[in-house]
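Assemble the complex: chain A is given as a structure, and chain B with the ligands must be docked to it using the hints.
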Amino acid sequence: MSSSKKIRVLVAKPGLDGHDRGAKIVARALRDAGMEVIYTGLRQTPEMVVRAAMDEGVHCIGLSILSGAHNALFPKIMELLKAEGVDDVLVVGGGIIPEDDIPGLKEAGIGEIFGPGTPLDEIVEYIRNNVKI
Amino acid sequence: MSVTDLVEGVLSQKRRYLARLISLIEDEDNHALEALSLLYKHTGRSHIIGVTGPPGSGKSSLVTKLTAEFRKRSKTIGIVCVDPSSPFTGGALLGDRIRMQEHSLDDDVFVRSMGTRGHLGGLARTTSDAVKAIDAFGKDIIFVETVGAGQSEVEVVDVAHTVLVTDVPGSGDDIQAIKAGIMEIADIFVVNKSDLPGADKKATEINAMLDIDPRERTWRPPVVLTNSRTGDGIPELVETILAHLKHLKETGLWKMKGLQRSRDELQELMKYKLTKELSQKLQGKPEYEKAIELIAKRETDPYTVAEKLIAEFLFSESR
Ligand code: B12
Ligand SMILES: Nc1nc2c(ncn2[C@@H]2O[C@H](COP(=O)(O)OP(=O)(O)OP(=O)(O)O)[C@@H](O)[C@H]2O)c(=O)[nH]1
Ligand SMILES: [Mg+2]
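Protein chains in written order, with numbering that gives the first Met the number 0: chain A, 0 to 132; chain B, 0 to 318.
For reference, chain A alone in the conformation it holds in the complex (with noise of 0.2 Å):
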């Protein structure tokens, strides 16, 4: 019986900024494509992204940022997912980032970056059709 499966995302905000209306936006729409939405609230760091995702068994992780601090906690978190072995999760992010910064955060393994103004079905069709489940 696998028809009760569920696409659970993990929806973050690591790093000190509080700008967390996107990180909410994003995790309401993901809810009304039907998917199961952990979201932890603000301050998280990379240890503790990293162990609700695991603990909470999640498909996919969602991370925002818009203070600047990507290019050192995606990476770093990327870091400690494949130190934990884990790699069959998809990661991606959104918030304030960078054209030139993107090719360098996909070589660390995030999935796609999505950054202001993206339209929401287009968050929700990517994860659906890149989640491993």
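These are computed hints drawn from the structure, not numbers from a lab. Glycine residues also receive a C-beta, built at the ideal position from the N, C-alpha and C atoms. Do not take every clue at face value.
[What the hints assert, rightly or not] List time: in silico DSSO-like cross-link candidates among lysine-lysine, alpha-carbon distance up to 30 Å:
1) B:Lys272 - A:Lys4
2) A:Lys4 - B:Lys284
3) B:Lys248 - B:Lys40
[To be verified] One-sided and incomplete, this derived list gives chain A residues near chain B with beta-carbon spacing under 10 Å:
4) Arg7
5) Ala32
6) Thr44
7) Arg50
8) Glu55
9) Gly56
10) Ala82
11) Val85
Using the frame of chain A, we list chain B with the ligands on its own:
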């Protein structure tokens, strides 16, 4: 990951395996049942504490503070928080974890969020199995936070040994906020947000209501005031919880509850299995469809047909 790996992983306290097992349980995967059947003999050791009460009354905050207090006493903790899934989309926003950040890196605390996935009663259909998995993993105490409850969300009583019912001051002049159903399942009443005006009044009201409770019982639910922001009243609540546990053990209620639970569980499982097998066997069969037509035409009746089909099913040798 094979079932054996899964079981060994859980028994050797690898939380990744526990997380994986709970996912399989939630998805009603057959491997989960195999694993649970192997793990069953390792369950029955945790003290399971249910926390229920109106939305926003502070259940998650309370669990966080109780966890801190039990951790001071070197107890290991599992937490299952249930939030409602949308009946329309099946999606859910699971937000209880926000309040539990202070324990997020404690190796001896495991937190898991669950959506109800269409189940009514305040829990998910699979919550009791998720609790069993954490029990087998070896946590001393497991908190089960229900969805914000009204009067019919009382299923937690079938899962927990000790049920805390939370309420807050000023929630209606009479005992409105805690509705009849959930009042009756309380082992301990918690008036949370004791910093707000009216906390004593609320406690008095609950006590007055307990005075006229006609049921005969050996344990009168105590009323404890807490502030889950500052932690005021939390040590007292922990003492009250421990007193309740002692009461359960001393009066033999612990054993009786266990027996009752095993009975309910077995019956529930048999019902589920039988229904499934029966409908698998009958679905699409021409005689079955024919019988349904005849019932609709009033040429026969469902009572007779049900008797006959079940008798045939139970006594058929080919099964
Ligand atoms: C609103 C806002 C605020 C509000 C925040 C309210 C809140 N609770 O969120 C307030 C007024 C508090 C605020 C404060 C500050 N802000 Co401000 N703020 C903004 C502003 C104008 C809009 C942000 C917003 O909410 N957008 C709406 C949401 C829906 O869009 P979004 O977050 O981008 O999300 C979309 C995508 O990015 C993506 N996405 C986002 N997250 C995620 C996550 C996942 C998983 C996915 C898949 C997608 C995704 O999808 C969303 C939908 O399309 C931006 C400028 C801008 N135009 O972006 C500045 C901005 C982000 N702020 C900025 C700054 C500097 C600050 C302050 C430091 C200002 C100050 N000096 O005090 C403070 C810091 C506050 C703090 N504690 O961190 C800068 C950041 C500069 C940088 N990164 O280099 C910006 C870019 C303004 C600027 N041009 O300078 N701010
Ligand atoms: N003043 C005061 N506020 C409190 C107290 N305990 C919790 N709160 C606040 O009440 C709000 C709800 O708390 P939660 O712990 O999320 O309540 P909950 O019952 O788990 O909520 P749901 O799971 O959504 O039903 C939060 O803003 C808390 O900070 C308290 O003792 N005093
Ligand atoms: Mg809660």
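Do the hints match the structure? See the list:
Taken as a hint, the B:Lys272 and A:Lys4 pair is honoured in the structure, with Cα atoms around 20 Å apart against an allowance of 30 Å. A C-alpha spacing of about 29 Å is found between A:Lys4 and B:Lys284, which places the hinted pair at or below 30 Å, so the restraint holds. Taking the CA atoms of B:Lys248 and B:Lys40, the gap is about 20 Å. The hint holds against a cut of 30 Å. Taking 10 Å as the C-beta contact cut-off toward chain B, the hint placing A:Arg7 at the interface holds, the least distance being around 8 Å.
Evaluation of the A:Ala32 hint against chain B yields a held restraint, the C-beta minimum of about 6 Å falling below 10 Å. Hint status for A:Thr44 relative to chain B: holds, with the closest Cβ pair at about 8 Å, below 10 Å. The beta carbon of A:Arg50 comes within 6 Å of a beta carbon in chain B, closer than 10 Å, and the hint placing it at the interface holds. Residue-level restraint check for A:Glu55 holds (minimum Cβ-Cβ distance to chain B is 6 Å; threshold 10 Å).
Nearest Cβ of chain B to the Cβ of A:Gly56: about 4 Å, under the 10 Å cut. The hint holds. With a cut of 10 Å, the hint placing A:Ala82 at the interface with chain B is violated, because the nearest CB-to-CB distance is about 13 Å. Proximity of A:Val85 to chain B holds as hinted, the smallest CB-CB distance being about 8 Å (cut-off 10 Å).
Going down the numbered hints, you'll see the structure goes against just number 10.
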